[in-house]
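Residues per chain are reported as follows:
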Amino acid sequence: MSASLAIQAEPRVVLSARGLGRDFAGFTAVNDVDLDVEHARIHALIGPNGAGKTTVFNLLTKFLQPTRGSITLLGQDITHTRPDKVARMGLVRSFQISAVFPHLTVRENVKVALQRPAGLAVQFWLPLSALDRLDARADHLIGQLGLARWRDHRAADLSYGRKRVLEIATTLALDPEVLLLDEPMAGMGQEDVAMVAGIIRDVATERAVLMVEHNLSVVADICHHVTVLQRGEIIAAGDYAAVSADPRVRTAYMGSEA
Amino acid sequence: MAAKSETVASDHVAAHPRAGQVRLLLVAIALAGLLVAPMFLYPIFLMKLLAFALFASAFNLLLGYTGLLSFGHATFFGGAAYFTAHAVKVWGWSPEAGILLGVAGAAVLGLVMGAIAIRRQGIYFAMITLALSQMFFFFCLQAPFTHGEDGIQSVPRGHLFGLIDLNRPMNMYYFVLAVFVIGLLIIRRFVNSPFGMILKSIRENEQRAISLGYSVQRYKLGAFVMSAALAGLAGGVKALIFQFATLTDVTWQMSGEVILMTLLGGIGTLLGPIVGAGLVVTLQNYLATSDVPVTIITGVVFMVCVLLFRRGLVGEFFATKIGKKLGFRAES
Amino acid sequence: EVSDGKVKIGILNDQSGVYADFGGKYSYEAARMAVEDFGGKVLDAPIEVVTADHQNKPDIASNIARQWYDTEQVDTIMELTTSSVGLAVQALSQEKKKITVNTGAATTELTGAQCTPYGFHWAYDTHALAVGTGGALVKEGGDSWFFLTADYAFGYSLEEQTGNFVKSQGGTVAGAVRHPLATTDYSSFLLQAQASGAKVIGLANAGMDTQNAIKQAAEFGITAGGQRLAALLFTLAEVHGIGLDAAQGLTLTESFYWNRTPESREFGERFKERTGVMPNMVHAGTYSAVTQYLKAIEAAGTDETEAVAAKMHEMPVDDVFAQGGKVGPNGRLIKDVYLMEVKAPGDVTEDWDYYNVLATIPGDEAFLNPAESGCPLVQ
Amino acid sequence: MTMIFGVPVQALMGQLLVGLINGSFYALLSLGLAVIFGLLRVINFAHGAQYMLGAFAALLLLTVGGINYWLALLLAPVIVGVFAALVEKTMLSRLYKLDPLYGLLFTFGLALAIEGTFRYFFGASGKPYAPPAQLTGAVNLGFMFLPIYRGWVVVASLAVCIAVWLLIEKTKLGAYLRAATENPTLVQAFGVNVPLLLTLTYALGAGLAGFAGVLAAPVYQVSPLMGSNLIIIVFAVVVVGGMGSILGAIVTGYMLGVVEGLTKVFYPEASNIVIFVIMAIVLILRPAGLFGKDA
Amino acid sequence: MSAPLLNVRDLHAWYGESHVLHGVNLTVAEGEMICILGRNGMGKTTTLRSIMGILRKRSGRIEFAGRDMTAVALHQTARAGLGFVPEERGIFASLSVEENLMLPPKVAEGGMSVEEIYDLFPNLKERRNSQGTKLSGGEQQMLAMARILRTGARCLLLDEPTEGLAPVIIQAIGEVLQKLKGRGMTVVLVEQNFRFAAKVADRFYLMDHGRMTAEFPVAELPAQMDMLHRELGV
Ligand SMILES: Nc1ncnc2c1ncn2[C@@H]1O[C@H](COP(=O)(O)OP(=O)(O)OP(=O)(O)O)[C@@H](O)[C@H]1O
Ligand SMILES: Nc1ncnc2c1ncn2[C@@H]1O[C@H](COP(=O)(O)OP(=O)(O)OP(=O)(O)O)[C@@H](O)[C@H]1O
Ligand SMILES: [Mg+2]
Ligand SMILES: [Mg+2]
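Chains as they are written, first to last, in the numbering used here: chain G, 1 to 258; chain F, 1 to 332; chain S, 1 to 379; chain Y, 1 to 295; chain C, 1 to 234.
Calculated directly from the structure, the hints in this document are not laboratory data. Certain hints may be false.
[To be verified] Lysine-lysine pairs mimicking DSS-like chemistry, simulated, CA-CA at most 27 Å apart:
1) S:6 <-> S:96
2) C:199 <-> C:179
3) S:8 <-> F:89
4) S:311 <-> S:97
5) Y:170 <-> C:106
6) S:272 <-> S:41
7) C:181 <-> C:106
8) S:272 <-> Y:127
9) S:343 <-> Y:127
10) Y:172 <-> C:57
11) C:179 <-> Y:97
12) S:96 <-> S:295
13) Y:97 <-> C:134
14) Y:170 <-> C:134
15) Y:97 <-> Y:172
16) S:25 <-> S:96
17) S:6 <-> S:343
18) S:272 <-> S:25
19) S:199 <-> S:167
20) S:295 <-> S:41
21) S:96 <-> F:89
22) S:311 <-> S:96
23) C:134 <-> G:85
24) Y:172 <-> C:181
25) S:25 <-> Y:89
26) S:326 <-> S:295
27) C:57 <-> Y:89
28) C:134 <-> Y:172
29) S:295 <-> S:97
30) S:343 <-> S:272
31) S:41 <-> S:97
32) S:139 <-> S:8
33) S:6 <-> S:41
34) S:8 <-> S:25
35) C:199 <-> Y:170
36) S:41 <-> S:8
37) S:199 <-> S:139
Looking at chain G on its own, in the form it has when it is part of the complex (with noise of 0.2 Å):
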């Protein structure tokens, strides 16, 4: 990890946001929030329950509208873009509520995110065979994620964590800048919270991530930076050391567990 550290000599921002807002109805859910997020580092972004955690990711990847601030996106200002734009410019997310194509199989659900970047998206005149050439690529990402053996598996018949993991599968098959995972962990039996994390801090190594995350002892295990977020707003930002001994977080967030 320090190894990785070290090269970053000049941290690269990719995504950043200034004076981020939102009101819902006379309540301000996000208020004020700069973020930066750079390249080859693992960002977390913590805080209690309503914090506005959701939130900021629906407003970053456009799903909603800012009420206030801006956006930049690898040097260009996506403040009034439209998500699927968003997406195709290489900010992808993650749900909080696990999401897969329940019906195709493993490999189709990462063809599926495949064939945009290979321009086969449109063609309703070719067969489905012209896809065939995404085979390859889409074998090699599941390989990667461990998910070789169920290829041919329909994902709804996937065990909760290997759909999450099938998730971020699709995800990286777009090849994002940035990856914006919510609560990737959540709901997740044990043994498949340490293959995740490992897995987020190899995808790390090329690209940006933002997640979200309640489970602390992943935060602290592969999160180089940590934001907290509380009634909207950043109270505390630092790596992860440094946060938790915010007492400001302690008893906003952690308790007198962590």
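With the hints as your guide, set chains F, S, Y and C with the ligands onto chain G.
Same frame as chain G, now just chains F, S, Y and C with the ligands:
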């Protein structure tokens, strides 16, 4: 995990290794049947059946493969019938050009209706298409070129490519059959194409599809326009078969009828709508000369289908052991 | 000589939709009655009547018609309510060289631009209705008109033709309001008509539209306020449907009324015995059409289309429906039509005795001169 | 006389009132539809048929049972409601677990079957039904001649609409209903008899249609097809109001009645389309409808 | 020992054709808090849903307060005193937070008052007029629990109440559970969060492929750690 794979196996009866060949054979038999059918059956009836089968298949392209229930497909069917009839009768266009105009017109109507309706999903979508098609109905009622209640009558069938005289029933029949087969091939390809794959994934999980960078609205719109255009193809052909275009084809009851056909045959199967259309057309023909009011029967068939045979005749068959052995599979 | 040893007559009309009472299965009864009265046989061949419900859909109608002609040896199709069906089947029949006699549809196109050598139009048409109601009513003092017109071709042609007659008789048209087809509420239009101050409110619509308009006119006190309501296409069956409370004072034109002569009375009562209702002009017209067709076969000595059609054009029509009627070269039956007024409930002395006959309009006035009909067959 | 766009103000007042009367029917019908949709997620295509059933029930009560209008106003909705409850209990309830589209298709078939049956037995042209003696006649309002019966229609429908709205939005029963819409199993697991609740809801919605039918009987011809075209317009009203929004259905019903009335004066040819045009515009600007909560 | 409040014998359950529970046995005494542990997909949720009667394709015996529940209609189970907090929370979108809270009918005396609940979950009080599903994931979890506390149910079935909650909230919920236990409430808890469960439960069941494979009181916990580590990876 062992338990899991057991359950997986139990609801997936493996297709017989030769299933593909058997299916090909069945298709060939069906085609051969259609080729000789007019020797035994009444050609006009067969042509009507083919036109409606194509219409239902076009409709099913939307409902079965993108999950969008349009309650306004009569607009494209009937609209195209008017366009074709007008072009052929008033402007003296050739039949193939007339039909192409019908298809293009239906596609444009589909684009407009789709652009408005696609913004909502599920039943909302159904209601909006219904209302918009009702608007189109009133337009047709009043627009001078449709001749209101009278309709466009005595549309000449003309000569296909200036050569083949379509006034001869057999020529007309084989022309309709060709259009039907081409239409089905287009649908089949559309469904089993990269585009179709995206449609499928959108139906499975729309949010996820967006987050993968697909502009879901445009894909849906694409499917909608395609379905409209093919419904238009059926409508244009129908205008030539019957040699008229009337208001009947743009009423909401017609939109309901095509749903019935698809539902009865089996949503999400290629064969279903064809079988369904055959049944409905036969039933209507038969009941017209019987004592029982058609609407009661239609209504009851609808109810029974929804309650008991939701997969439709073909869908139910596919779900049987034999169907699965043959490797048939329904969407959804 | 009768081909295939049998004469088969098809009655094709709406038996379940809005026109089910207007013609419907009663027309089928009328046809059967005509056959029985004729003796059940012509040129020693048995006569059969078949019927079907076209559900107001031209494609179903045309499908049935083709099947009848091609596979069931039907020789002629009659009734054919609703213009789209009438025109479609008449065109098809020309192609198949078969005779059609239309008694149910209104459009003058049947014997106008789209006329055929084997197509006949029997009971009434928009022109006759316009002359009957428009022309004759002006003479009765109804000289200023306001139209409530169904907003489609049928409504326009009724309005236009009627308006022309009103003007030609020295009346004026104060205005018109176009209402969409299948409107349920007419109060808004009726208020406009009321405000126009016209003496007659002409209803240029049909079926349910007319019924609702009449009913609501009564509610808004239109007739009570001294204005007269004229329904341009309305028959005894519909008057019976809405009841005299709503219909009283209404004027309309029909080409038949059962209680007009002893013969029509006798016919009407026999018809009512079979069906439970008194015949309107469509039913009586169908009876007449079938009778005339059979007479023509007898006169021609064959059921071959050309010969029968020629006889039908040639022979005068004299029966309970038409007296001294003649058929124009365009296929139009020309006979007298009658302007009626619906009685008040208190004035009715017997069941179904709904009309006072206000005027008789001679056929030559009521129907277009074939030479001016625009029919290409008439040079 | 003062004029607005060439129409005398007086006449305009009359038209506004007439529009309001029509709006009463729209409001009642779309309310019932919204109740059923909002709570059962079923687009009740049979709503028009149930409206017709209400009118026929009143007619038959009168001709067969000699029961007068006032009693029919109570009994007919109950009859329609009981019929609807039977349909729900035996058939419709099996469809809740499925895609809502099946509910729509089922009720579509139901509507065809009911209308077909009535057409078979009563013919298509319909029967008259006289207004009650107490409400015949008309009052001269100066700007128009208002049939007393029409005035009563406005009052009665307004009262019923408000009562139903209060029932659903402000009572505990309403909260159960709304919750059961989303997750019937869970609400039932909380101890609420949900199947019964849903049956009652469907009966209530249908009963409202039946009530509208009785109100309409003296105004329109009682005919088997009286509801079949109206239903499409009412659908549009519900979409404009925001599907599932009870208040939206009521307000939009009256509003569109008035708009339609005015269209009949200024551009009568468009009066049947105007509602659909408004619908299209609303959908473009506010996809959820005027009162809809969420896109 | 007095008769157990909840007694489950040889419970089998199916989702359609797939047989998920293979003879579950479970007893809970009045006032006891038990915890079912197990990996994903072993049938924990299914067990709760079968007891509650939400899953109706089941066989075996489910006795609650001396009454056989398999024959009881779903809406009567709650009346018998069982309260259920589903894993997916089940917050109603068309109801406000407060309406959600007030929704389940009171089935007995002795439930918490609304003030007590708001004291316990201040977030809910603050957002009480907003739409139920507009709450954050964690807030919804709180609401799902809170609304059952009001009804006076004797026995709570809690399906992973800590999933997706911040550590402070988990702590608070732990305190609530202790308090409820103090009042004599019976609780069946399903948990992935072993650390949490270890603090509150009296007894543990381990579930594997639709069966209970182990059962032990909290006192034996240290002795069982090896086995748990093997089975659950904790
Ligand atoms: N609705 C359903 N239809 C079919 N199978 C189901 C359904 N719900 C659950 N299952 C299957 O039943 C088994 C048990 O599921 P259950 O939800 O009870 O597990 P669990 O122990 O609660 O897991 P988790 O910790 O992930 O919540 C699993 O194999 C699951 O795939
Ligand atoms: N669409 C919305 N309308 C109104 N309020 C909303 C909406 N979405 C979120 N909120 C509110 O905004 C706040 C932040 O919600 P958010 O889902 O972002 O929290 P979170 O930090 O992700 O919490 P958790 O960890 O529990 O998932 C919550 O109080 C929630 O109630
Ligand atoms: Mg969240
Ligand atoms: Mg679970």
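Q: Assess, step by step, whether the Cα of residue 6 of chain S is no farther than 27 Å from the Cα of residue 343 of chain S, and give holds or violated.
A: Measuring from Cα to Cα gives roughly 45 Å; hence the hint is violated.
Q) Would the pair residue 41 of chain S and residue 8 of chain S pass a check requiring their Cα atoms to be no farther apart than 27 Å? A) Given that 27 Å is the threshold and the Cα spacing comes to 11 Å, the pair holds.
Q.
Please verify whether residue 25 of chain S and residue 96 of chain S have alpha carbons no more than 27 Å apart.
A. holds, 26 Å
Q.
Check whether the Cα positions of residue 295 of chain S and residue 97 of chain S lie no farther apart than 27 Å.
A. With Cα atoms ~19 Å apart, residue 295 of chain S and residue 97 of chain S stay inside 27 Å; holds.
Q | Hint consistency between residue 25 of chain S and residue 89 of chain Y [alpha-carbon to alpha-carbon, up to 27 Å] | A | Since the Cα atoms of residue 25 of chain S and residue 89 of chain Y sit roughly 37 Å apart, the hinted pair is violated (cutoff 27 Å).
Q: Take the C-alpha atoms of residue 311 of chain S and residue 96 of chain S, compute the straight-line distance between them, and say whether it is at most 27 Å.
A: holds, 19 Å
Q.
Against the 27 Å threshold, does the CA-CA distance of residue 139 of chain S and residue 8 of chain S hold or violate the hint?
A. Distance ~45 Å between residue 139 of chain S and residue 8 of chain S Cα, so the pair is violated.
Q) Is residue 170 of chain Y close enough to residue 106 of chain C, meaning Cα to Cα at most 27 Å? A) With Cα atoms ~19 Å apart, residue 170 of chain Y and residue 106 of chain C stay inside 27 Å; holds.
Q) Does residue 106 of chain C lie within 27 Å of residue 181 of chain C when you go C-alpha to C-alpha? A) holds, 20 Å
Q. If you draw a straight line from the CA of residue 170 of chain Y to the CA of residue 134 of chain C, is it 27 Å or shorter?
A. holds, 21 Å
Q. Going straight from one Cα to the other, do residue 41 of chain S and residue 97 of chain S come out at no more than 27 Å?
A. Roughly 23 Å separates the two Cα atoms, so the pair holds.
Q) Hey, residue 199 of chain S versus residue 139 of chain S, does the alpha-carbon distance stay inside 27 Å? A) Holds, at roughly 13 Å.
Consistency note: the structure conflicts with the earlier hints numbered 3, 10, 11, 17, 24, 25, 32 and 35.
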